[in-house]
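One letter stands for each residue in the lines below.
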Amino acid sequence: MQLVTTILIDGLIDASWIFIVAVGLTLIFGVLNILNIAHGNFYAIGAYVAANAVGMYYSGSNPPMLGLLAMTGAALAAAIVLGPLLERGLLRFFYHRDEIVLVLVTYALFLILEDATKLIWGVNPYYAYEPYGLFGNINIGRMNYVGYDLFLVGLAVVIGIVLWLGLNRTKSGKVVLAVIHDREMSSAAGVNVTKIFIVAFTIGVFLAALGGAFTAPKISVQPGLAVMVVLLSFAVVVIGGLGSIEGAAIASLIVGLARALAIHLAPWAELFIVYLVMAVMLAVRPQGIFAPTALRKI
Amino acid sequence: MRKLIWGVLAAAACLSTASFITTPVSAQGNEKVFKLGIVTFTSGPGAESFGTPGWNAANRLVQALNAGGQLPPPYDKIGFGGLKVEVSVIDESGGTTKQVQELRNAFDRDKFDAIIGYISSSNCLAAAPVAEEMKKLLILFDCGTPRIFEDRNYQYVFRNSSHATMDNVAIVRYLQKRKIKLETAAGINPDYAYGRDNWKDFIQSLQKVNPTTKTGSELWPKLGAGQYGTEISALLQTNPSIIHTSLWGGDLQAFILQAAPRGLFKGRQVAIMAGDHVLHPLGKRMPEGVIIGARGVGGPFAVKSALNDWLIANTQKNEPGVLPSQAHYRMTQSVLGLKSAVEKAMAANGNNKPTTEQIAAALRGLEWDTPSGKIKMALGNGHQAIQANAIGVTKWDGKLNRMIVTDVEVFAAECVNPPVGIKSEDWIAQGFPGAKCN
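Sequence order for the protein chains is X and Y. With my numbering applied, the first sequence has no gaps in its numbers, which climb one by one up to 282 at the end. With my numbering applied, the second sequence has no gaps in its numbers, which climb one by one up to 439 at the end.
These are calculated hints, taken from the structure and not from any lab test. On a predicted model such as this, the values are computed, not experimentally measured, just so you know. Ideal Cβ positions, reconstructed from N, Cα and C, are used throughout, including at glycine. Do not rely on the hints blindly, as some may be mistaken.
Capping the alpha-carbon separation at 25 Å, the derived lysine-lysine pairs in DSS-like fashion look like this [what the hints assert, rightly or not]:
| hint | chain 1 | residue 1 | chain 2 | residue 2 |
| --- | --- | --- | --- | --- |
| 1 | Y | K267 | Y | K215 |
| 2 | X | K179 | X | K158 |
| 3 | Y | K209 | Y | K424 |
| 4 | Y | K136 | Y | K85 |
| 5 | X | K102 | Y | K33 |
| 6 | Y | K201 | Y | K180 |
| 7 | Y | K424 | Y | K85 |
| 8 | X | K102 | Y | K223 |
| 9 | X | K102 | Y | K318 |
Facing chain Y, from chain X, some residues (calculated, C-beta under 7 Å) [as the list claims (entries may be wrong)]:
| hint | residue |
| --- | --- |
| 10 | T(-10) |
| 11 | V130 |
| 12 | P207 |
Here are some of the chain Y residues that sit facing chain X, going by a computed Cβ distance under 10 Å [said to hold, decoys possible]:
| hint | residue |
| --- | --- |
| 13 | E49 |
| 14 | D192 |
| 15 | W221 |
| 16 | I233 |
| 17 | A255 |
| 18 | L258 |
| 19 | P262 |
Model the full structure from these sequences, guided by the hints.
In C-alpha cells:
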C-alpha cells in the first residue's frame, strides 16, 4: 500500500511540474499554430530571473512567503518583455509560411536564446533555495516529502483551472477559441487577431517562465536547462493533443505516473517510458487524446 | 498534422545535436610557437563544473608559462622549452560526429601542434582513433572510461590522468577500511557509458570485498534530468545501507538539493564518485558525512606543495574565494605533462622544436610532478597515467566557512589502478591481483 501511495504522489508531483511547463507550449500551438522549440529557453530564462529575484528578495528582511510573489513577478516581467518582442519582432513575419518553416525559426531562436542566456548569466550556477523550505516537510505514510513539491501540485491545479475557465467561461476566452477554430473568419468578424496572438504568445511564455521560476529553488540554475524540458513538453503535447489544455493535463498525469511506475518498479525502463507512451499514442490516436482536429479548417 | 509530427521529430533531432562553436585562432606555422588546442565544454550542462574550470586552468597556466619564472621549478622555463604557447579553446558540445570533424579541422586547417581535450567518454572514444589515423598528438584530460587504452594500442594518443576505475575501487577500499555497513547497496547513476561503467565497477568491487552485500535499487536518470523526486522516493523506500552515485555537475547539485531536505543523507551512507566539484558551489547546502572523492589527490584533498600553492594562488587571483577542483587539477597536470615531454624532446633534438613523433616518444612512460602529486604513464604501453587517489568525508568548517573533507585516506596509484596487462573489469573480477596497497 505504501508503495502504491508513493508512486501516486511521486507521479502527481512530476505531472504537476510537467503540466506547468507544457501547457504554455500547447496554448501557443493552439492559438498561433506554432510548435515552439524555444519554449525550453523561456523556462530557463524564468529560472534565471527567479534566481535573481529570490537572491535580492531574501537578502532583505522581507516576509518569506512573499518570495513566491517575487518569483511570479520575475517570470511575468520576463514574459512581458520577451513575449511581444519575439511575436511582433520575429514570428509574425513567418505566419504565411509553411508550419515547418516556423518550427525551424523557433529552433534558430532556441540556439540564439541559449547563447544569449549564457551571455547574460554566464556558466556559473545560480541558486534560489530559500523558497524550497517555506512549507516544511510532510510525512505521508513512511515517506517524507518536501512541502514545496506538494505546493507545486496545487499551483498546477490552479493554473489549469484558471486557463480552462479563462478560455471557456469568459468573453475574451471565447474570442480566443474563435481564433483557434478559424483565424480568417474571426478576423472578418472584427476580432483583433494580432492582439490575440500577442497576448496568447505572452501567456505561453509566462507559463514556461513560471515553470522555470518555481523549479529554480530545487535545482542549480545553469546552462543546459532548456533541452530536456522542451523534449518532455513535446511528448506531453503530442500525447494530449496539440493545442488542448485538457489534453496537456491528462498527458502530464499519464507521463508523470508512467515515470513513477518505471522508476519504482522497472528502473531500466525509465529512459524510454515517456517516448514509449508517445509512440503508442501516435500509433493508435495520432491526433492525441483531446486534439480539436475536427474543428480546424483545412 | 503529419508535417507537424515530422517537425517535432526533426526538432528533437536538432536539439540533441545543438552546439555552439568557438573558432580557434588562425594557424601560425611558426617554429617558435607551440599551438595548443583545448577541447572542453564551453556551453551546455558540462560547462559549469568541468568545461569552464578546465579551460580557465589551461589558459591561466599557459599565460603564466609564457611569462616565465612564475611556476616553481622545474616549470619555470618560458612556455614549452622557450616556445611560446598559443592556446585556443574549442567547444566540446554537439556530439561525437561534430567533435570528430572539429578535431580534423583543428589539425588540418588550424595546424595545432597538440590537442588536450574531452570530458565526455563518448567523445574520447570517437576522437582517439581519428588522432591516431592523422598521426597527431592528442592528450585526453578528463574522460573516465578505461576502455581507451585497454581495447587498443595508440602511438599518438595519451591520457595524462587516471581513468575512472580507481574512483570506485578507492571508494570500496575506503568503505572496507572504515568498516562501514555494507548490507545493501543502491545506485543512482546517469544513464550513459560513464554512469553504467561506474556502477558496474563499484558493485563488482564491493561484492568482491564483501560478497554478502546485496544489490538494491539501480536507478538511471537521464543526463540533465534535473528532477529526482521519484528516484529519491525509490531510494528511501528500499532503504539501502549505502547509496552510490556518479551524477555530476548540475545534476548532482539538483539531486543533493532535493534529497537532503527529505533526509536521504541521514541514516544511510551516500558515496559520490569524483564529486568534489560541487563542494564550493553548494557550500553549506552540501550535507555532512558524505563520502566523496576527486579522482586524484586534488581539490580539497590536495597536499601542500610549491606547485599546489601556486595553483591555488593563481586560481584565487582570478576567481577570489574559489578553490581549484578536479577539472583544474586534471587540466594542469595534462599541460605540465605535455610541457615536460616537449622539453625532454627538445633537449634530444638540439633545442629545436620537436616533431610530433619526438614528443610522443618523450611522453611515453614519463613521470612528472603536479599539484596533485606524481603522475606516472604506467599503463597502455606508457600512454595511460596512474596516480594516487584520496577519499574522505564531507564536514562543514565554520572557521574556514566552507565544506572540507575529513577522515581522509590516500590510496597509492598501484593500489587502486590495475597493473600492466590486465583490463580493469578483469582485474576487479579476479579480486585485484597485483594491487600494491600500504
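Hint-by-hint comparison with the structure:
1. Y:K267 - Y:K215: Since the Cα atoms of Y:K267 and Y:K215 sit roughly 20 Å apart, the hinted pair holds (cutoff 25 Å).
2. X:K179 - X:K158: 14 Å, holds
3. Y:K209 - Y:K424: 16 Å, holds
4. Y:K136 - Y:K85: 23 Å, holds
5. X:K102 - Y:K33: 36 Å, violated
6. Y:K201 - Y:K180: 22 Å, holds
7. Y:K424 - Y:K85: 39 Å, violated
8. X:K102 - Y:K223: Distance of about 23 Å is within 25 Å: holds.
9. X:K102 - Y:K318: Holds: X:K102 and Y:K318 sit about 23 Å apart, inside 25 Å.
10. T(-10): 5 Å, holds
11. V130: Hint on X:V130: holds, closest Cβ of chain Y at ~5 Å, below 7 Å.
12. P207: At about 6 Å, which falls below the 7 Å cut-off, the nearest Cβ of chain Y leaves the hint on X:P207 intact, so it holds.
13. E49: 5 Å, holds
14. D192: 5 Å, holds
15. W221: 6 Å, holds
16. I233: 9 Å, holds
17. A255: 4 Å, holds
18. L258: Given a least distance of 6 Å, the restraint on Y:L258 holds.
19. P262: Because about 5 Å separates Y:P262 from the closest Cβ in chain X, which is inside the 10 Å limit, the hint holds.
Consistency note: the structure conflicts with the earlier hints numbered 5, 7.
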